[in-house]
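K.L.:
Numbered continuously in full-length UniProt numbering, the sequence shown closes out at residue 380.
Honestly, the hints are just simulated from the structure, not real lab data. Here the structure is a predicted model, which means the values were calculated and not measured. The C-beta atom is built at its ideal place from N, Cα and C for all residues, glycine as well. Careful, some of the hints might be misleading.
Estimated spans, in silico, between C-beta atoms of each pair [unchecked claim]: (1) E335 <-> E5: 32 to 42 Å; (2) L42 <-> D307: 53 to 63 Å; (3) P31 <-> Q83: 39 to 49 Å; (4) E289 <-> L57: 30 to 40 Å.
Listed next, the in silico DSBU-like pairs over lysine-lysine satisfying Cα-Cα at most 30 Å (straight line) [claimed, not checked]: (5) K2 <-> K139; (6) K161 <-> K196; (7) K282 <-> K146; (8) K102 <-> K2; (9) K282 <-> K293; (10) K282 <-> K297; (11) K374 <-> K297; (12) K308 <-> K374; (13) K84 <-> K195; (14) K161 <-> K188; (15) K260 <-> K195; (16) K139 <-> K161; (17) K331 <-> K344; (18) K325 <-> K374; (19) K325 <-> K344; (20) K195 <-> K146; (21) K102 <-> K167; (22) K325 <-> K17; (23) K372 <-> K17; (24) K17 <-> K344; (25) K102 <-> K188; (26) K167 <-> K196; (27) K308 <-> K260; (28) K167 <-> K188; (29) K139 <-> K293; (30) K139 <-> K165; (31) K146 <-> K165; (32) K372 <-> K102; (33) K146 <-> K188; (34) K84 <-> K293; (35) K102 <-> K161; (36) K165 <-> K102; (37) K260 <-> K165; (38) K282 <-> K325; (39) K102 <-> K293.
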Amino acid sequence: MKTAERLNTVQEYYFSKKLREVRGLMAEGRPIINMGIGSPDLAPSPLVLETLRDSILEAGAHQYQSYQGLPELREAISDFYQQKFEVTVDPSTEILPLMGSKEGIMHISMAFLNEGDEVLLPNPGYPTYASVTNLVGGKAVTYDLKAENDWFPDFEELSQKDLSKVKLMWVSYPHMPTGATASLEQLKLLVDFAKKNYILLVNDNPYSFVLSNNPTSILSIEGAKDCTLELNSLSKTFNMAGWRVGMVLGSEEHINAILKVKSNMDSGMFFGIQKGAIAALKSGPEWFEELDKVYTKRRELMFQLADKLGCTYDRNAVGMFVWCKLPEGAKASEEFIDEVLHDKDIFIAPGTIFGSNGEGYIRFSLCVSEEKIKEAIERV
Numbered sequence: 001m002k003t004a005e006r007l008n009t010v011q012e013y014y015f016s017k018k019l020r021e022v023r024g025l026m027a028e029g030r031p032i033i034n035m036g037i038g039s040p041d042l043a044p045s046p047l048v049l050e051t052l053r054d055s056i057l058e059a060g061a062h063q064y065q066s067y068q069g070l071p072e073l074r075e076a077i078s079d080f081y082q083q084k085f086e087v088t089v090d091p092s093t094e095i096l097p098l099m100g101s102k103e104g105i106m107h108i109s110m111a112f113l114n115e116g117d118e119v120l121l122p123n124p125g126y127p128t129y130a131s132v133t134n135l136v137g138g139k140a141v142t143y144d145l146k147a148e149n150d151w152f153p154d155f156e157e158l159s160q161k162d163l164s165k166v167k168l169m170w171v172s173y174p175h176m177p178t179g180a181t182a183s184l185e186q187l188k189l190l191v192d193f194a195k196k197n198y199i200l201l202v203n204d205n206p207y208s209f210v211l212s213n214n215p216t217s218i219l220s221i222e223g224a225k226d227c228t229l230e231l232n233s234l235s236k237t238f239n240m241a242g243w244r245v246g247m248v249l250g251s252e253e254h255i256n257a258i259l260k261v262k263s264n265m266d267s268g269m270f271f272g273i274q275k276g277a278i279a280a281l282k283s284g285p286e287w288f289e290e291l292d293k294v295y296t297k298r299r300e301l302m303f304q305l306a307d308k309l310g311c312t313y314d315r316n317a318v319g320m321f322v323w324c325k326l327p328e329g330a331k332a333s334e335e336f337i338d339e340v341l342h343d344k345d346i347f348i349a350p351g352t353i354f355g356s357n358g359e360g361y362i363r364f365s366l367c368v369s370e371e372k373i374k375e376a377i378e379r380v
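Sequences are here, hints too, so could you generate the full structure?
P.N.:
Dropping the structure here:
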């Protein structure tokens with residue numbers, strides 16, 4: 001049986017393939033320290049776990065759930081956005097819970113793209129934006145993000161492109177993989193650009209609460225809902241990556257379009273996971289403070305590791321990664337990380353998996369214990 005032609009437009013996800021190699025080395029007895037992937041190694045709060053445990057005894061807990069999620073979950077998301085971002089969203093019409101924000105990338109693309117529609121994708125950026133665009137028959141058009149412009153789009157350069165066929169634009173602030181942030185003034189520039197060019201702008205925003213002193217949402221910009229959606233997730237903020245809880249927020253019209261797709265793809269999120277998510281979203285300031293304490297200590301150690309490798313970095317970047325520029329004269333990014341993997345038994349992500357502008361960079365994940373980071377420093 002021949003596979004669908006759409007599969008020719010994508011490759012297996014880099015980490016899926018590379019981690020097989022890493023597991024193979026570990027099976028041979030190699031003591032690999034994995035600093036490549038951002039899968040939180042910390043646990044959710046005890047209250048979240050207790051809520052999940054208790055919820056499975058509630059009436060109806062094991063039945064199909066609403067495609068739109070529990071009303072209490074949407075209300076908790078709405079309250080969270082009001083408290084953390086000063087953004088008002090209607091829980092009945094402007095919020096759609098997702099089984100992880102990654103599925104939202106597919107649902108949004110299926111809801112708004114026709115074959116041949118163009119999509120603006122950041123370079124560097126999350127690889128899934130490009131693969132999903134290709135899978136649904138869209139045309140990926142990259143725009144450059146560079147260190148000299150603080151990893152923010154150059155609108156003068158963008159305006160010189162033919163944008164007549166562009167339907168969607170993906171952005172991610174705080175930015176993955178670099179950790180760069182965008183000010184409210186910069187977010188307004190993005191919204192203005194989208195409005196001017198009749199583009200649906202989507203901000204992927206899962207890193208606002210990791211080592212960030214000023215969490216922001218693009219929906220705080222006046223009039224943003226007219227042309228903007230925002231994806232968010234509990235994966236990083238609440239150590240719930242495996243729970244697969246995300247959300248998309250925007251206008252009622254845009255949310256209804258996405259719901260048409262989603263309601264044909266699943267039969268609702270498990271009741272207990274939704275109840276746990278509600279508990280997480282109600283976490284007090286002490287949760288965020290303790291999370292940042294852990295990541296601050298890890299990041300300081302990771303800076304030491306980067307120093308030993310001769311790399312440079314931005315100490316003001318946020319999120320759970322450290323994005324580093326390789327030393328002058330170093331090998332290409334993938335050659336560099338392969339050498340470290342096979343010589344030092346340390347796996348680091350090469351910047352090139354995020355786009356051509358990632359050449360010359362590597363990315364460390366902070367989802368590694370202090371002890372393991374210290375061990376890596378010793379090995380180098």
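K.L.:
Going through the numbered hints above, which ones does this structure break? Give me the numbers in ascending order.
P.N.:
2, 7, 27, 29 and 38
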